[in-house]
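Heads up: the protein sequence lines correspond to chains A and B, in order. Note that the first sequence covers residues 675 to 950 in this note's numbering. Note that the second sequence covers residues 675 to 950 in this note's numbering.
Possibly wrong hints are sitting among the right ones.
To give a feel for the contact side, a few chain A residues facing chain B, derived at Cβ under 8 Å [what the hints assert, rightly or not]:
{"no.": "1", "residue": "Gly766"}
{"no.": "2", "residue": "Asn797"}
{"no.": "3", "residue": "Leu852"}
{"no.": "4", "residue": "Lys856"}
{"no.": "5", "residue": "Arg941"}
The calculated lysine-lysine pairs, modelled on DSBU-like cross-linking and capped at a C-alpha distance of 30 Å, are [claimed, not checked]:
{"no.": "6", "chain 1": "B", "residue 1": "Lys948", "chain 2": "A", "residue 2": "Lys692"}
{"no.": "7", "chain 1": "A", "residue 1": "Lys699", "chain 2": "A", "residue 2": "Lys856"}
{"no.": "8", "chain 1": "A", "residue 1": "Lys874", "chain 2": "A", "residue 2": "Lys690"}
{"no.": "9", "chain 1": "B", "residue 1": "Lys864", "chain 2": "A", "residue 2": "Lys948"}
{"no.": "10", "chain 1": "A", "residue 1": "Lys948", "chain 2": "B", "residue 2": "Lys853"}
{"no.": "11", "chain 1": "A", "residue 1": "Lys908", "chain 2": "B", "residue 2": "Lys948"}
{"no.": "12", "chain 1": "A", "residue 1": "Lys690", "chain 2": "A", "residue 2": "Lys848"}
{"no.": "13", "chain 1": "A", "residue 1": "Lys848", "chain 2": "B", "residue 2": "Lys948"}
{"no.": "14", "chain 1": "A", "residue 1": "Lys853", "chain 2": "B", "residue 2": "Lys948"}
{"no.": "15", "chain 1": "B", "residue 1": "Lys864", "chain 2": "B", "residue 2": "Lys908"}
{"no.": "16", "chain 1": "A", "residue 1": "Lys874", "chain 2": "A", "residue 2": "Lys848"}
{"no.": "17", "chain 1": "A", "residue 1": "Lys948", "chain 2": "B", "residue 2": "Lys690"}
{"no.": "18", "chain 1": "A", "residue 1": "Lys867", "chain 2": "A", "residue 2": "Lys856"}
{"no.": "19", "chain 1": "B", "residue 1": "Lys856", "chain 2": "B", "residue 2": "Lys867"}
{"no.": "20", "chain 1": "A", "residue 1": "Lys686", "chain 2": "A", "residue 2": "Lys908"}
{"no.": "21", "chain 1": "A", "residue 1": "Lys948", "chain 2": "B", "residue 2": "Lys699"}
{"no.": "22", "chain 1": "A", "residue 1": "Lys948", "chain 2": "B", "residue 2": "Lys874"}
{"no.": "23", "chain 1": "A", "residue 1": "Lys706", "chain 2": "B", "residue 2": "Lys706"}
{"no.": "24", "chain 1": "B", "residue 1": "Lys908", "chain 2": "B", "residue 2": "Lys853"}
{"no.": "25", "chain 1": "A", "residue 1": "Lys699", "chain 2": "A", "residue 2": "Lys864"}
{"no.": "26", "chain 1": "B", "residue 1": "Lys706", "chain 2": "B", "residue 2": "Lys848"}
{"no.": "27", "chain 1": "A", "residue 1": "Lys699", "chain 2": "B", "residue 2": "Lys948"}
{"no.": "28", "chain 1": "B", "residue 1": "Lys908", "chain 2": "A", "residue 2": "Lys948"}
{"no.": "29", "chain 1": "A", "residue 1": "Lys699", "chain 2": "A", "residue 2": "Lys908"}
{"no.": "30", "chain 1": "B", "residue 1": "Lys948", "chain 2": "A", "residue 2": "Lys874"}
{"no.": "31", "chain 1": "A", "residue 1": "Lys856", "chain 2": "B", "residue 2": "Lys948"}
{"no.": "32", "chain 1": "B", "residue 1": "Lys856", "chain 2": "A", "residue 2": "Lys948"}
{"no.": "33", "chain 1": "B", "residue 1": "Lys706", "chain 2": "B", "residue 2": "Lys856"}
{"no.": "34", "chain 1": "B", "residue 1": "Lys686", "chain 2": "B", "residue 2": "Lys908"}
Keep in mind that the hints were calculated from the coordinates and are not lab data. Virtual Cβ for every residue (Gly too), placed ideally from N, Cα, C.
These are the residues of each chain, in order.
Number of protein chains: 2
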Amino acid sequence: MNQLQQFQVVPKAMIKLKDIDSGFKDHHESHKEATGEIELLQSRLRELQELLYADGRSSLLICLQGMDTGGKDGTINHILAAMNPQGCRVEGFRQPSAHELSHDFLWRIHQAAPARGEVAIFNRSHYEDVLIVRVHNLVPQAVWSRRYDQINAFENSLVEHDTHILKFYLHISKEEQLKRFKERLDDPTKQWKISEADYKERLYWDDYIAAYEEALSRCSMEYAPWFVIPADHKWFRNLAVARIVVEYLEGLNMQRPEPRVDLEHIRREYHAAKES
Amino acid sequence: MNQLQQFQVVPKAMIKLKDIDSGFKDHHESHKEATGEIELLQSRLRELQELLYADGRSSLLICLQGMDTGGKDGTINHILAAMNPQGCRVEGFRQPSAHELSHDFLWRIHQAAPARGEVAIFNRSHYEDVLIVRVHNLVPQAVWSRRYDQINAFENSLVEHDTHILKFYLHISKEEQLKRFKERLDDPTKQWKISEADYKERLYWDDYIAAYEEALSRCSMEYAPWFVIPADHKWFRNLAVARIVVEYLEGLNMQRPEPRVDLEHIRREYHAAKES
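Build the full structure now, drawing on both the sequences and the hints.
Okay, here's the thing in structure tokens:
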């Protein structure tokens, strides 16, 4: 099946996350069985990124969102690390600084947007401003409720300026999250990362789900789609994201520019230099 | 032999690049033979970077400089791509913009400096301001000649603020460069990258060598050493850079912080959640 359609949130449809199976793994039975496909996708991804850079006419923005332990870091590491780091930037959006808060919420996002030829991966994004901000009432509802349209307008402008936008919600179950917290707890190399606060956010699980549902439903556009990625199986999550990015980039009409110089002239110079 | 010493420019010594064999390959005979060591170094590099991030007390700045085709891109791709992209940024310094030129030459460099826990790799750097700028007289000698001390003072300040600085000059012969230009010429996927200007810079080869010799000699400090990496063999270049970075990071006393939370308390909460 067409990957771009399989996981895409249909524009203007209201989605319910509980109706989507976070443990889905398609026709592969195990990670081992999927390894071959994952490796093929990684090398294809690298070729396509090189072509995006050479082509130089457009950029790619990938947004990753999800609950804590949902796998944002893992997705970036295992799949997108296949890319050439020189043409690909990862931007993490943490709690905004006082200076950032003195601007509008899209100000710091716009600065991090990819240049033509470039890929930018957002680890969290402007969507936090309708997620954590909404769940914890960090600004009044009158403010955050206008942000969906503001986000759509902003993303539309990026797209009109030759940015391709793909947004992924990494969908895990509440049980899977608990399991992952437990793993962190039992791994001495990861204990230092645990904060009480992360764990406490579980109390707001349903509020987050509601906030995600509204964001995904209202901001999945033909020009900037959201995808809901079943992510209980880490390998399937990696596979699905890679499939979508590859399929999307293959659909673009990208090509290397013609040589800018007279190659014959340079060939003659080369031979002259060699003989001297 | 100690890698940090083998290729390091001794502080206050004047070096002559023609005395250094750009084709050196140590005890390995071929790329194939070195593959095992390169892979080990890559995985060690990744572990050490993770530790640098966890430790969070210092940052690492890697400067790469070299002639055209010297292998800056290749070094970044093949060795340093082993790093987790989320803790590692590549910054390319091209011709400065009008806005950048209206500031001092270190202004844009300082902005790109790595934060604690982070690695930044500079593809070209502030050294261009005593290289191409000097060779082509882009500013008067009275201006560029003061920059060596300004660079040393700037780097010293970064180091005093917990940045580790390692600088690599990728050393190729003039013949090797010609060979690489020829390869580019014969590769249809690379022809679009060729500009007459790059090629013409060969006319200034000796001026560049002189400028490099002065920069390497005057700015190799105990606190921010320059290394001259034999780079005619791409695999040896990758090996040597990785060895030095690994050896340097292993010499730091890095450690993961203690857990910030009461793990037992969280364990009890976990079990309570599981039972509910």
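To see whether the hints hold, each was checked on the structure:
The beta carbon of Gly766/A comes within 7 Å of a beta carbon in chain B, closer than 8 Å, and the hint placing it at the interface holds. This hint holds: Asn797/A has a C-beta 7 Å from the nearest C-beta of chain B, less than the 8 Å allowed. A least Cβ separation of about 6 Å between Leu852/A and chain B falls short of the 8 Å threshold, and the interface hint therefore holds. Annotation: interface hint on Lys856/A holds; nearest CB of chain B at approximately 6 Å, less than 8 Å.
Interface hint at Arg941/A: satisfied, since its Cβ lies 6 Å from the closest Cβ of chain B, which is below the 8 Å cut-off. At most 30 Å may separate the alpha-carbon atoms for a hinted pair to count; Lys948/B and Lys692/A meet this at roughly 20 Å. Taking the CA atoms of Lys699/A and Lys856/A, the gap is about 23 Å. The hint holds against a cut of 30 Å. For a cut-off of 30 Å, the pair hint linking Lys874/A to Lys690/A stands: about 24 Å separates their Cα positions.
Proximity of Lys864/B to Lys948/A is assessed by CA-CA distance (about 21 Å); at most 30 Å being required, the pair is judged to hold. For the suggested pair Lys948/A and Lys853/B, the alpha carbons sit about 9 Å apart, so the restraint of at most 30 Å is met. For the suggested pair Lys908/A and Lys948/B, the alpha carbons sit about 22 Å apart, so the restraint of at most 30 Å is met. Proposed proximity of Lys690/A and Lys848/A is supported: the alpha carbons are some 15 Å apart, at most 30 Å.
For the given pair, Lys848/A sits about 11 Å from Lys948/B by alpha-carbon distance, which is consistent with the 30 Å threshold. Between Lys853/A and Lys948/B the CA atoms are separated by roughly 9 Å; this keeps the pair inside 30 Å, and the hint holds. The straight-line distance between the Cα atoms of Lys864/B and Lys908/B is roughly 18 Å, inside the 30 Å bound, and the hint therefore holds. Taking the CA atoms of Lys874/A and Lys848/A, the gap is about 13 Å. The hint holds against a cut of 30 Å.
Using a Cα cut-off of 30 Å, the hinted pair Lys948/A and Lys690/B holds, with the two alpha carbons roughly 25 Å apart. Restraint check for Lys867/A and Lys856/A: the C-alpha separation of about 13 Å stays at or below 30 Å, so the hint holds. As the CA atoms of Lys856/B and Lys867/B are separated by approximately 13 Å, the hinted pair is consistent with the 30 Å bound. Proximity of Lys686/A to Lys908/A is assessed by CA-CA distance (about 29 Å); at most 30 Å being required, the pair is judged to hold.
For the hint linking Lys948/A to Lys699/B, the alpha-carbon distance of about 25 Å falls within 30 Å, and the restraint holds. Pair hint Lys948/A plus Lys874/B holds up; C-alpha atoms about 15 Å apart against a cutoff of 30 Å. For the proposed pair Lys706/A and Lys706/B, the alpha carbon gap of about 28 Å is at most 30 Å, so the pair holds. For the proposed pair Lys908/B and Lys853/B, the alpha carbon gap of about 13 Å is at most 30 Å, so the pair holds.
With a C-alpha separation of about 27 Å, the suggested pair Lys699/A and Lys864/A falls inside the 30 Å cut-off, and the hint holds. Between Lys706/B and Lys848/B the alpha-carbon distance is near 25 Å, which keeps this suggested pair within the 30 Å criterion. With a C-alpha separation of about 25 Å, the suggested pairing of Lys699/A with Lys948/B holds against the 30 Å cut-off. Taken as a hint, the Lys908/B and Lys948/A pair is honoured in the structure, with Cα atoms around 22 Å apart against an allowance of 30 Å.
Restraint check for Lys699/A and Lys908/A: the C-alpha separation of about 10 Å stays at or below 30 Å, so the hint holds. A C-alpha spacing of about 15 Å is found between Lys948/B and Lys874/A, which places the hinted pair at or below 30 Å, so the restraint holds. Straight-line distance between C-alpha atoms of Lys856/A and Lys948/B comes to about 11 Å, which keeps the hinted pair within the 30 Å bound. Taking the CA atoms of Lys856/B and Lys948/A, the gap is near 10 Å; set against the 30 Å cutoff, the hint holds.
At roughly 24 Å between alpha-carbon atoms, Lys706/B and Lys856/B fall within 30 Å of each other, so this suggested pair holds. Between Lys686/B and Lys908/B the CA atoms are separated by roughly 29 Å; this keeps the pair inside 30 Å, and the hint holds.
When held up to the earlier numbered hints, the structure conflicts with none and fits them all.
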